[in-house]
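Novice: Here is what each chain is made of, one letter per residue.
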Amino acid sequence: MLSTLLSILTVALFAATVRAATPLILAALGGIFSERTGVVNIALEGIMLTGAFFAVLGSYTASNMGLGPTISPWIGVLAAVVFGVILSAIHAVVSIRFKADQIVSGVAINILALGLTGFLLQFIFNTSGNSPSVPNLPAVAIPILSSIPIIGEVFFNQPPLVYVAYIAIPLTSFVLFRTPLGLRMRSVGEHPKAADTVGVNVFKLRYLGVLLSGVLAGLAGAYLSIGQLNIFSENMTNGRGYIALAAVIFGKWNPWGALGACLLFGFADAIQISLQNAGVNIPSEFLLMLPYVLTLIALAGFIGRSVAPAAVGEPYEK
Amino acid sequence: MAESKEPMAQNKRQRVLNAVVPRVRGLFLPVGAILMAFLVGAIFILAIGENPFVAYAALLKGAFGDPYSIGETLEATTPLIFTGLAVAFAFRAKMFNIGAEGQFLIGALAATWVGVNLHLPGPIHIAVTLLTGFIAGGLWGGFAGFLKAVRGVNEVISTIMLNFIALFFIDFMVTGPMKEESALNIPQTAQILETARLMKIMPPSRLSAGILIALLAAFVVWWLLWKTTTGYAIRATGLNPFAAEYGGIKPNFNMFLSMLISGGLAGLGGAVIISGLFLRFQQGFAPGYGFTAIAVALVGANNPPGVVLAALLFAALSTGARGMQNVAGVPQDTVLIIQALVIFFVAAPQIVQWLPDWWAKRKAAAQAAAEGAQLEGGQA
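Taken in sequence, the protein lines are chains Y and Z. Count along the first sequence from 1, add 6, and you get the number used in the working numbering. Count along the second sequence from 1, add 179, and you get the number used in the working numbering.
Derived by calculation from the structure, the hints in this document are not laboratory data. One or more hints might be untrue.
As the list claims (entries may be wrong) - Covered stretches of chain Y, going by a simulated chain Z footprint (3 or more residues, C-beta under 8 Å): (1) 111-119; (2) 251-265.
As the list claims (entries may be wrong) - What follows is a list of derived Cβ distance ranges for each label pair: (3) Z:240 to Y:203: 22 to 32 Å; (4) Z:484 to Y:282: 15 to 25 Å; (5) Z:401 to Y:303: 31 to 41 Å; (6) Y:285 to Z:365: 16 to 26 Å; (7) Y:299 to Z:529: 54 to 64 Å; (8) Z:373 to Y:75: 56 to 66 Å; (9) Y:132 to Z:330: 47 to 57 Å; (10) Y:103 to Z:243: 52 to 62 Å; (11) Y:284 to Z:232: 50 to 60 Å.
Yeah, the Cβ is synthetic: ideal placement off N, Cα and C, and Gly gets one too.
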């Protein structure tokens, strides 16, 4: 038993952890931008799903137009970001301009995304299950770094969107905590009235936060469909948007904290697959449950309590 | 004498009007939102080159075209009434229960266990099965209420987490301890015993007596909320917890209680669906009744009669969708888009008011521009 357990702790497992964590990281960073400016974003799930679909559609269309397999997937990534932003814009307009309940709007976005992707899957590809396969983004080994033993294989021989996530983490942290813009964004999430009084445009910054979450969750979706695989399948996010949301909370609305949470959740996901493959008879369901149980415990304050931005969820009335 | 009679009659008429007008006005929003949603849905249908009238006619026919379809639609209404009531009930205490899905499934699983493993005489077995579903769902929802009351944990997040925990726990149970022993490797439990089954009331459709239990539940919820002290305390907590506390009501306890009962209603729904329709717990049998419930409660304005009507609407959408795809060639998923649009329009009624304003402004601007051009043309 022990030897089997040790045998699965391989480089491949840790590389799989990084791959499983990547979409969570991208979406969680999006969630942080949105929630730090005071807009709850449970629409991450739907935005990701939409991103995943349009990444495939973009790549498919581009390759049909004769663009090669190197360029086509990047058109897909672009499409994922554009449609991620469009969907997040709906969430933003409904919850900021029209002051609807942000959770209700998020629920509606998630239903809309499920309906829209299913509708288009049926209309364009004439199927209700999987799209045809399209050109995807293969792993790219980074020169020099990828030849470092173990670390190179785990971190630097991955699909390109993984590297985007590496860059996005410090960038998010820098923008939020080291720039005037970040200070203003956080201020409208903590105390919009005070921010407004000193001349900060609450609405503009909230729009920015939500739209950035659209960019990042769109990328996360693209990673799922054409970063990791080469197809879209119905409801392929399968709750990852909610795991990302859990990571935001577990990581206390901080990019580095969210990174830790995503790696932990990614590890839980990767190890349950390895365990199953190794034929170890531990019910994998309990490992899959882990992210949610830990988040509940963190929220209840048993391991350093998570406290949300003060004004999160409240529409701002001028 | 005649003079004094007139104001009295007027008073009476005013009283009747006061009672009726807000109710009728209350209907405008959901009905307007539904019409708008179908209108926007029609744009999607037009975009793929199909005829929205044909599609909606097929939808309607698929849902209500013949007694069989009506029975199926009502059967699909049943779980949505329970989960819709669950969300609405919690909402009366300002608790947002996103976890009706998990509570529904846990209730269904617990009820299945009782239905399979206990040996009791007929009606008692049904009662015990349903009660078990209520208790199991109630505990699942009540836990979120407990976390809110005692540790201040936001119930939206905790119920989302509890949904997934429920889902994986169920996967474990139906592929492990509760899995049916058979040659086929299907992730499902054994069938519940005959004594635990609700009877069919509209064969050949699959409609069971569960719909009657659902309507009874709607009545009980109404009675509980508006005719008892407990309901008063729950509503007071939702309207203003500080004022409620000042008046001697314990807001924390009532938040917990509302989640306990809310979870119970969802769990009872799960039990009814097992006992009346599926007869066993099969992995992934429920297509998200707990999520549609949020739309149901919203459109039904968190009122039991409204919830029943909204549940019927969403059930009709889902039953009619297949007919729409088969007859009119419009993807089933169109109904999800319509559903989402209904939520948007009900949640942000300002959109419905804002659109005509925006249109009028645009028209005025266009007119002004046209007049401007005419003037310029005249000068030249």
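Novice: Look at the Cβ atoms of residue 284 (chain Y) and residue 232 (chain Z) and judge whether their distance stays inside 50 to 60 Å.
Specialist: holds (58 Å)
Novice: Within the segment 111-119 of chain Y, is the number of residues with a Cβ closer than 8 Å to a Cβ of chain Z three or more?
Specialist: holds (count 7)
Novice: Using the C-beta atoms of residue 401 (chain Z) and residue 303 (chain Y), is the stated range 31 to 41 Å upheld?
Specialist: With a Cβ separation near 38 Å, residue 401 (chain Z) and residue 303 (chain Y) satisfy 31 to 41 Å, so the hint holds.
Novice: Is 54 to 64 Å a correct range for the gap between the Cβ atoms of residue 299 (chain Y) and residue 529 (chain Z)?
Specialist: violated (40 Å)
Novice: Range first: 47 to 57 Å. Now tell me if the beta carbons of residue 132 (chain Y) and residue 330 (chain Z) are that far apart.
Specialist: holds (50 Å)
Novice: Within 16 to 26 Å: is that where the Cβ-Cβ distance between residue 285 (chain Y) and residue 365 (chain Z) falls?
Specialist: The hinted range 16 to 26 Å holds for residue 285 (chain Y) and residue 365 (chain Z), with Cβ atoms some 21 Å apart.
Novice: Lying within 15 to 25 Å: is that true of the beta-carbon distance residue 484 (chain Z) to residue 282 (chain Y)?
Specialist: violated (49 Å)
Novice: For the hint 56 to 66 Å, verify it against the beta carbon of residue 373 (chain Z) and that of residue 75 (chain Y).
Specialist: holds (60 Å)
Novice: A range of 52 to 62 Å was offered for this pair. Does it hold for the Cβ distance of residue 103 (chain Y) and residue 243 (chain Z)?
Specialist: The hint (52 to 62 Å, Cβ to Cβ) is violated, given that residue 103 (chain Y) and residue 243 (chain Z) are roughly 37 Å apart.
Novice: When I compare C-beta atoms, does the segment 251-265 of chain Y have three or more residues closer than 8 Å to chain Z?
Specialist: holds (count 3)
Novice: If I claimed the Cβ atoms of residue 240 (chain Z) and residue 203 (chain Y) lie 22 to 32 Å apart, would that claim hold in this structure?
Specialist: violated (59 Å)
In the structure shown, a violation is registered for the earlier hints numbered 3, 4, 7, 10, in ascending order.
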